[in-house]
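Student: Residue strings, one per chain:
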Amino acid sequence: MDLRYTDEEQDFRHQLRAWLETVLRDVGPEPDRHDWPARRAYDTSWQRQLFEAGYAGINWPAEFGGRGATPTEHLIFLEETERSGAPYVGMNFVGLLHAGPTLIVEADDTQKDAHLAPILKGDHIWCQGFSEPNAGSDLASLSCRAFRDGDDYVITGQKIWTSFAHVADYCEMLVRTDTDVPKHQGISWLIMDMQSPGIDIRPLRTMEGSAEFCEMFLDEVRVPASNRVGDENDGWRVAMTTLSFERGTAFVSEMLQTMELCRELAQLATTITSKAATAWDDVGLRRDLGRVSAELDALWALTKRNISEATRTGLVGAGGSVFKLAYTDLRHRLGDIALHLLGRASLSIDDVGELATGAHIQGRIHGLSMTIAAGTTQVQKNIISERLLGLPKEPSMTRAKHT
Amino acid sequence: MDFWLTDDQVGLQDGIKTFLDGRFPLEVTAAREETGQVIDPGGWRELAEMGVFSLLRDGFDMRASVVAFEQLGRALVPGPVVTTFLAAAYLDGAADGSQIIGHLEPEHEFTVLEHGDQIDAALLFDDGRLSLIPATAISTRALGRPLDALSPVSTVDINIEIDPSNDTLAQGPAAEQAYMRGVLLTAAMQVGLSAAALDLANDYAKNREQFGRPIGSFQAVKHLLAEMMTKAEVARCAVHAAACALDGASNDPAVRPVSVAKTIAGDAALFCGKTGIQVHGGMGFTWEVHAQRYWKRAVVLDNSFGNADHHATAVANTLVTRKERN
Ligand SMILES: Cc1cc2nc3c(=O)[nH]c(=O)nc-3n(C[C@H](O)[C@H](O)[C@H](O)COP(=O)(O)OP(=O)(O)OC[C@H]3O[C@@H](n4cnc5c(N)ncnc54)[C@H](O)[C@@H]3O)c2cc1C
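Here the protein sequences line up with chains A and B, keeping their order.
With positions in the first sequence counted from 1, the corresponding number in the numbering used here is that position plus 13.
With positions in the second sequence counted from 1, the corresponding number in the numbering used here is that position plus 242.
Hints may be right or wrong, so weigh each one.
[Stated by the list, open to error] Taking lysine-lysine pairs in the DSBU-like style, the calculated list, with each CA pair at most 30 Å apart, reads: (1) B:538 x B:448; (2) A:406 x B:516; (3) B:448 x B:259; (4) B:259 x B:516; (5) A:406 x B:448; (6) B:516 x B:538.
Hints were generated in silico from the structure; no laboratory data involved.
Bear in mind that the values here come from a model prediction, so they are computed numbers and not experimental data.
Required output: the full structure, derived from the provided sequences and hints.
Tutor: As structure tokens, then:
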């Protein structure tokens, strides 16, 4: 048990820090949330810069173009990029964190050759077409249908909540290829070109006001059978590779941002005055915020334990679900503290007067999505209690046939 | 960086666990509630022989110590194990188990002392000084009904005469260091307690049936257990991180991580204690079932070395940079 970084790890950090310092001078401010072409350009050109400096796919194996960094170096990378204010992974998220890693493990050589390098270079944006109107938490009940027709699959159905679908080049699609078997067994994983005829994309406005996710309507969309990853009807297993990735280090940057948000909120409280006192003089507020701050440190320690486990075993074990559950719950509590503290300033997402209040309200709204996306809180609790604590499943959750 | 138990730490953990399972099973410990002497002097000496109080003297560090104390917390070992451990740095009798060293924690106008009738002396942290007050200098009045039957209590006359030339064990940074060790070892016990309360409730949830199936198949129950596990795991990480900081095996100074650990572990223990009772239903409210013992000890430990609120406030104070208002 040792939290100190080795000399090699520190060398890695210092080189990265020096590089970030030089390149970040020329990276402009983040574009407007609603300007999608500008956002794509911003995210992909940052990815290109990472690629050229050898930092793209930091944790991908070197043989597939990644840096092959250790889990600890990956953590340092996330820490330093966050600390320096570098652009967030943004819309490269699905390619780098879901689709790419899945392809590395499951795809054939032709598929790897076609797709891995463009993800690393920022040439291809990916989206995730898993959820459907009637298949959210119960993802395996998905019904978007693919029939085999010669060398193609022909897909008809609907997907929803597809983040970045309107700017993506490719989609990792889960489709139903067999309806006569238990629901987990009739699913296939396909690479879908988003330019294919028959895809109708309708952006959905989120409660944050921008169009972060979309509905996708698919009408006889043809996807070559050679784009199937893994065997036909084995897509559920392939997809689980992706989801376990999502619960690993996916929240590290976010969490470091939250630590900063927490410090800023405390600082803000010292400047909010009423009569002779500041909000920070309220011991109740200090206790509440101190608890959240303490928990963030504890979750940072948990992250390091997860990273250490991954270094030893190659896997993130129990810690991934535990982290997701605790962190997303904490986001709600931090957000509620902000609302209480800011009072009527909460009514505006723009800063009110001289006070930097907006980020806290924006953060409060965003927190509401975090206990839903990537497996809801209730689903995480099912996972923890059933897989980690060995409790029995509910009878209704047994593997029904797909209907 | 490698934030994982070493083989040696796992060995220590297993050794202590095996010892405690054999010598301090909870049925045996609970039976002492009726004897009037909850600390078994023979058992105390055996704890000392296991090296529990002398870990630092024997060349172990705080990381090993939190691993050991997590197990003591898990077994609800009665008695002032933390302060005896701290005193062992100065007193051979504490290290070898011939003396039991308690803890005077003045609060408001009164002090409630644990194990007043069995301790030989008590530590007092005050004004940057660590003093050892002999039991003969402490006038106590037993309180008939302790919250935790395994933590008998008495009130203490607060006006204790301290003779600095005789009583002082440490001052300044050394006293500060001892205090932080005490905070952290208490937090480690809270982690063990949380995990034990979870194990008990988890077993019960798998075996107790209602509506024709195990209650652990109901989400309303299994989600409680998932929350218990989450809190216990997160708290364990906080305790280990603070131990690294106290050992200098971290780039962070120790003050904040130690308060973080006590906040998170204290909340976890109280939560796991009360939730363990809830999962047991009516059985949880009985004297016989151990669920109640975990919650009661959680309250005792929360009130030792500063409660979760106190440490949360200390953490908060590290968030802002400004002069204290006068
Ligand atoms: C911001 C955001 C981005 C997203 N991006 C994508 C994306 O890019 N691609 C993609 O495929 N999907 C995406 N999703 C979808 C996301 O994965 C689903 O919203 C999520 O899995 C929940 O499914 P649902 O919305 O259908 O809710 P439901 O499953 O209908 O859940 C509704 C409520 O019922 C509860 N519930 C459901 N089942 C159970 C159960 N068994 N036990 C207890 N409670 C239960 C849930 O916890 C929830 O509270 C995104 C979602 C959000 C919010």
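Student: Now tell me, hint by hint, if it's right for this structure.
Tutor: Taking the hints in turn, this is what the structure says about them:
1. B:538 x B:448: This hinted pair holds, its Cα atoms lying about 24 Å apart.
2. A:406 x B:516: holds (24 Å)
3. B:448 x B:259: holds (24 Å)
4. B:259 x B:516: holds (24 Å)
5. A:406 x B:448: Given that 30 Å is the threshold and the Cα spacing comes to 11 Å, the pair holds.
6. B:516 x B:538: Holds, at about 9 Å.
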